[in-house]
Each structure stands twice: as C-alpha cells, then as structure tokens.
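Spelled out from the first residue to the last, the chains are:
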Amino acid sequence: MGVPFDYAPDRPEHIDAILNGLDRYNPETTAVFQEYVVQQCDQKFYDCYANLALLKLYQFNPHLTKDETITNILVKSLTVFPSPDFSLALHLLPPHILTPASASSALPAAGDAPLSEAVQKLNVLNNLLAQASYAAFWSTLDSDDLYADLTADVAGFDELIRIRIALTISQSVREIERSVLESWLGMQGDAFDKFVKDVCGWEIEGTVVKVPLNKENEAKGTVVRENVKMEQFSRVIRRAYEQPA
Amino acid sequence: MSGFQNGGTPARMIDDDSDVEEEALAADYREQVQYEGMDEMDGGSMSMAQQTDDIQSRLAAAAQPLDFSAPLEVKFSSYDNYCSLFHFILNSEGPVDLEPPSYYWAWDVIDEFIYQFNSFCSYRNRVARQGNNEEEITVLREAPNTWGCYSVLNVLYSLIQRSQINEQLAAMKRNEEPMAVAGDYGSKPLYRMLGYFSIIGLLRVHCLLGDFSLALKTLDDIELNKKAMFARVMAAHFTTYYYVGFSYMMMRRYADAIRMFSHILIYVSRTKNFQKNAQYDSITKKNDQMYALIAICVAFHPTRLDDTIHTALREKYGDQLLKLQRGGPESLPIFEELFRASCPKFISPTPPDFDNPELNVDPLEHHLAIFMDEVKTNMWSPTVKSYLRLYTTMDLKKLAGFLEVEPEKLRGWLLVNKQRSRQIRWTDNGLLDGEIVGSGDLDYAMQGDLIHISEAKVGRKLVDWYLRNLARTY
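Order-wise, the sequence lines are chains A and B. So the first sequence is numbered by our numbering: it starts at 114 and just counts up by one. So the second sequence is numbered by our numbering: it starts at 3 and just counts up by one.
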C-alpha cells in the first residue's frame, strides 16, 4: 500500500539517473525535464518527484523558467489531490508569486505578472478541492476562459479530477443523493450514469447512488487494547527471587 | 492478564523501542561529557607538535561563529576564507593530512558555513526589499555569486562525494566494513566527518529553500533512531531532528513530525543536567520552537503525547494549544504566530531584484501563506469531531443546524476531515517511505443525510500504572 514519495512506476531510466545524480542541478537538464512534463500531460501519468526537481532548477536559474511548464506541473498536481503535491510545488516558486495582483501589477517591470495571476488562479482551484467544495470547483473552472487555457495541455484533466473526487467520496459515503453527486462530479444525464456505473462501479437506485462498502466507509468501531509482554514484568519477577519475603 | 494480549498497537511497541534507544543515547552522552575534557587536551597537544600553526588556526577560525551584525566586507571575506579552505581540503593532491582540531570541529564548520550562507541571503534580501542603502546595494549587485547557492551546494556535495560517505553508510547498513569502500579520502576522519555532516547540512539547506521532500530524501543513508554518528554531537543531533520534523510537517505527515520532535525533546530533557555549557544555551531557543511545532502538529493530528512533552507543552504554550485544538477562525492567528516563531529562516536562492524592491517578498511570507491555506482547509475539523463524538448516528441537516452552517458546507467538512485523518506514516526504509494509516480514533460514513459514527476506544492502559505502583511499594 505504501509507496515512497520519490517513486514513480512509469519513470524512464534516464530520468531516474538524473534525479539520483548531480545532474539534477545541471541547467542543461531542464530541457529533458520539460520534455518529460509534456509526456506526463499527454500520457496521463504523473511523477511529482521529477517535477519538483525541475521547479528547483527554475528556482536556481530563474532565466530558464518556462511559465507554461510551471502551470502544467501545477495543474498535473491538482489531479492527485488531496495529496500535498500542489503545495510542495508552490513552495519552490518565487516568493512573490502569491502576493495579490494589485501589488505586482502596479509594477510595469514585473515581467511575470501573468504567471503569478495564473498560479493564484490555480491556487484557488486547489483550495476548493482541498476543502471538498467540489460544486464550487466546477463552477469556478467554468467561470473563466483562463482556466480552459491552463488545463488544456493536460489530457483528460476533467476525467482525472472526477476520478479523484469519486475516490474521496467512496471513503466517506455509502449512499448519496443523485443531485448532490451530480454537482460534485460536475456532470448530468447519461454521461453521469455512465461515469458512475462504468468508471466507479456504483449503483444508481432512483434518486440515490449507492457506493459499495469498502474498508473506509464502513466505519466500524474497534477497541484498541494494550499488548502486554512478559519482559515488562521481568524486573518485578526478578525482585521476587532476589528478596524472598 | 490474557485478556490484554490480543490486538496490541504496533505504534506503542515502536515507542517502547525508541525509549530504550534514548536511554542508551543519554548514557552515551553522559560518558562523552565526562571524557570531553581529556579529548580536548589530547587534541591540543598533538596539534601543537605536528601541525603548523597557520592551517590549524584557519581550521579553528572556520568553526568560529561570525557576529550577526558583522559588516558586509567581513561577510565577503569570510566567504572567501571558506572557499579557499574547502578548496585546499578538496582539491589538494590527494587527501590532506590533517587532524580535525576537535571532535566537534567538523560539525561546527558545516554548521557555521550554512549559518553564514543563511544569514547572508536573508540580509541581502532585506537590503533589496528596503531599498534605501545605495552603497550596500551596489556592492551586493556587483557580487551575485558570493554566497551563491550553487557554490554552497557544490561544497556540500563535493565533501559527500570525496568522502564516499554515502557508500560507507550503505555498507554499514548492510553490516559490512565501511573502510572497504571508503577510499583514500573517506578513510581519514577529517573527510569522513565533514562528509557526514555535509549530509545533514544538505538537509538543512534544502529545507531552507522550501524543498522539503528532497530534504528528507537526503537522509536516505542515515539511520535515525540508531546510534548514528550525529548523535555524538549534541547540536548535530538536535538540528537533524528539527529539520526532519519540520520537513515532515510541511509534507503534512504530522504523526511523523510529532515522532521526530518528541524523540529529540525527550532526549534533551533527559540530558539537560549534563549540559551546563554554551552549546546548551543555543539549544534552548530551538527547544521552545520545537514545542511550538509540536503544538501545531497535535492540533492537526490529535494524539497522545509522551507525559514529559505534554507537561512541558502545557507550561510553555498552554493557552495557545487550547485555541489551536478548538479550531475555527480564532485559531488562525495562533497558527500564524507559532509558525513565524518556529520555522527556519527561509531563504530565496537567487540574488534579489534590486530594481523592484516590492518583488522581494520575504520567503517566510510565501511559505507561511501556503501553510495557512492548509490550516484554513482544516480549521473546522475539531468542531465537527467534537460534535460527532457525542452520537452514534446523526442527521446531517440537524447537525448543520447546531453548527449554524449550510448542510452542503458541512458535507464538505466531513469529507475534508475524513481525508485529513488518513496520513502517510513511516514504518521502514527511507524517510519518504510510509504507509497510509487512518489516524483518527473517530470514524464515520454518510448514508444519504444520516451520519454513522463509530469510535475506536482505547482500552485502559493498566500495565504502566500497575508496574509503577508495584515498584513503589515493593
């Protein structure tokens, strides 16, 4: 069940070699990493540890920064919420990136104002997902064309997010109103039926959607008991021999 | 008694083991302190006899703390001194034949080196942000590479590679002789120690730069909780746990963070009677910082703390802890206050933008903002849990009425709390490894609007009490 944070099943060997060597600091490898991010976007896999290495290269060599790659990495990390990946990526971006636009747009020389705007927009999405405000997430996503631009490069973004949302739902829900689930998944009608039945494997009964029982949503009470070992009593027993009463 | 034998918690067993280890460490430290005086005398007389004064005084100088308020020229020249010293150590023909002046020297040098790098970067950023000291701005603008992150990392990585320390540690892990892979450099104590402490230096630098996963990855070959080499130098021991704990906290692995902080704080409280020296003074501040961090972690992840820690925590941060644990918007300023007071002095690795002072935001603000988002996500969990604990089933709309929120909002809170009570927790192997563990003692599931609630009850722990009273009376 446990997978180390730095492990990615689909990582090619040459990327692995860079990550484990000093080449991870070599500005010339940015191109390789950038190419790898494109691959992740196209082929629907994800490698957080490698992406963080690229952000680190940008952190050290700001002149190499490619805005598009940064936003793609962030969008990719949204698709694995509620893991901390998005935040970990944010930590490596320039410190002024989250300061409100009013402060930075006052500066004509601030060349990366568009980037900070994009990052802040994505941060809004991330917070909505983290707070499980899924309905608000979908409406926000639709509210601004910039979001469509930002997520365009990531193949199957909506689908990936939907699967992720479904996963978090299955952890806490046994039955849910169809209308609520529709708003959470941001879809209706046949598409909804199809997704719920085929992708999630849940049942629709009238206006209720039933999630099969799993380890997480059965919520069974347990009693944790003390595990007593003989050794804990060794001192007492020894004393009993040493000082016969 | 047989009734207690089933279903024990593995977590408790781990605690017991580390308890034994701490005892051993504490004993080891006591021994060390007693011999310390002798070591110094030996080292002193040898160096007098064998080494030229010059190189020895340079070695000693490298470990000397630089005054915080030292003028820029001094900071620049200190950088040059480090460069030439490390150049001499790393790039002479073959390993240099030097004995470190003392057992602590290697740690002190790396520690001071990083400290100066850290304070230089903070200073440079501040000068750029305030933008009113033209003279210093000019000087700093002209020397972008002084105390550059590439050169600092270069030193640390070179020391690690030269000494083959990772290979040596890996061999030790396999129970093989480390000297077999140490090479010409690594077999010398000077290189081995410098290499070893450079690993811990890297942990620190990565953490200062906000790269928390890489910080933890750096320690792959070092085994914590064992009689590790760093444990013999108190300050190194302490620093390691602080940065590992902090990195865990930023990766939202609060249980692991608490484990790290608790380990070192217990160790400090057990050994503080033997540390009436300057080393201990510098520790006191970090000590308080770690209590603050534990308070934060416990608020995120309620858990039973070690009694010593719990008592001290209540003494130092009693009021704050209460507010943190209560959650809600009132807890936000407390989270912020404690985070500000106890985080490392974050730095930005590149020279600041002197032309746009406003762009040079203090990196602390950046990391704090990200952290506070997570706090806000979580802030209703304590409220939700405190209510759920009272029922076995509950109607969602009714509960929403109690809490005076929209039912849909509450549904979200319930999902969030459930997600956040699942955490990755370390069990074995590297620090980044771990398994997902449901950490809460409270569990629930929603069936439409009906919330089913169950609690994991902890059976009474009688053995400790029984043994303690037996020992007292018998």
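I should point out that these hints are in silico values taken from the structure, not numbers from a laboratory. It cannot be assumed that every hint is accurate.
[Unchecked claim] These stretches of chain B come out as covered by chain A in the derived footprint (C-beta under 8 Å, 3 or more residues):
1) 56–65
2) 145–156
3) 414–424
[What the hints assert, rightly or not] No more than 27 Å apart at the CA atoms, straight line, and that leaves these computed lysine-lysine pairs for BS3-like:
4) B:K288 - A:K333
5) B:K325 - B:K288
6) B:K347 - A:K169
7) A:K323 - B:K400
8) B:K387 - B:K400
9) B:K387 - A:K333
10) B:K399 - A:K328
11) A:K323 - B:K387
12) A:K234 - B:K399
13) B:K459 - A:K328
14) B:K399 - B:K411
15) B:K288 - B:K347
16) A:K323 - B:K411
17) B:K325 - A:K333
18) B:K411 - B:K318
19) B:K399 - A:K323
20) B:K325 - A:K328
21) B:K318 - A:K333
22) B:K459 - B:K325
23) A:K342 - A:K323
24) A:K328 - B:K347
Since this is a predicted model, take the numbers as computed values, not measurements. Backbone N, C-alpha and C define an ideal beta-carbon position, used for all residues, glycine too.
Outcome of the hint check:
For the region 56–65 of chain B, the assignment as covered by chain A is violated, since 0 residues bring a beta-carbon within under 8 Å of that chain's beta-carbons and 3 are needed. Coverage of a stretch by a chain is defined here by at least three residues with a beta carbon nearer than 8 Å to that chain's beta carbons; for the region 145–156 of chain B and chain A the count is 3, and the condition holds. Evaluation of the coverage hint for the region 414–424 of chain B: fulfilled, as 9 residues show C-beta separations to chain A shorter than 8 Å, against a requirement of three. Taken as a hint, the K288 (chain B) and K333 (chain A) pair is broken in the structure, with Cα atoms around 42 Å apart against an allowance of 27 Å.
Of the pairs offered as hints, the one joining K325 (chain B) and K288 (chain B) holds, with about 22 Å between alpha carbons and a cut-off of 27 Å not exceeded. With a C-alpha separation of about 18 Å, the suggested pair K347 (chain B) and K169 (chain A) falls inside the 27 Å cut-off, and the hint holds. As the CA atoms of K323 (chain A) and K400 (chain B) are separated by approximately 22 Å, the hinted pair is consistent with the 27 Å bound. Annotation: proposed proximity of K387 (chain B) to K400 (chain B) holds, straight-line Cα distance about 15 Å (limit 27 Å).
For the hint pairing K387 (chain B) with K333 (chain A), the CA-to-CA distance comes to about 16 Å; that is within 27 Å, so the pair holds. Between the alpha carbons of K399 (chain B) and K328 (chain A) the distance comes to roughly 26 Å, so the proposed pair stays at or under 27 Å and holds. Restraint check for K323 (chain A) and K387 (chain B): the C-alpha separation of about 25 Å stays at or below 27 Å, so the hint holds. As the CA atoms of K234 (chain A) and K399 (chain B) are separated by approximately 32 Å, the hinted pair breaks the 27 Å bound.
Straight-line distance between C-alpha atoms of K459 (chain B) and K328 (chain A) comes to about 18 Å, which keeps the hinted pair within the 27 Å bound. Between K399 (chain B) and K411 (chain B) the CA atoms are separated by roughly 11 Å; this keeps the pair inside 27 Å, and the hint holds. Between K288 (chain B) and K347 (chain B) the alpha-carbon distance is near 12 Å, which keeps this suggested pair within the 27 Å criterion. With a C-alpha separation of about 21 Å, the suggested pair K323 (chain A) and K411 (chain B) falls inside the 27 Å cut-off, and the hint holds.
Proposed proximity of K325 (chain B) and K333 (chain A) is contradicted: the alpha carbons are some 30 Å apart, above 27 Å. For the given pair, K411 (chain B) sits about 35 Å from K318 (chain B) by alpha-carbon distance, which is inconsistent with the 27 Å threshold. Restraint check for K399 (chain B) and K323 (chain A): the C-alpha separation of about 20 Å stays at or below 27 Å, so the hint holds. A threshold of 27 Å between alpha carbons decides the hint, and for K325 (chain B) with K328 (chain A) the separation of about 33 Å lies outside it, so the pair is violated.
For the hint pairing K318 (chain B) with K333 (chain A), the CA-to-CA distance comes to about 38 Å; that exceeds 27 Å, so the pair is violated. A hinted pair counts as satisfied when its Cα atoms are at most 27 Å apart, and K459 (chain B) with K325 (chain B) qualifies at roughly 25 Å. For the proposed pair K342 (chain A) and K323 (chain A), the alpha carbon gap of about 45 Å is over 27 Å, so the pair is violated. For the hint linking K328 (chain A) to K347 (chain B), the alpha-carbon distance of about 42 Å lies beyond 27 Å, and the restraint is violated.
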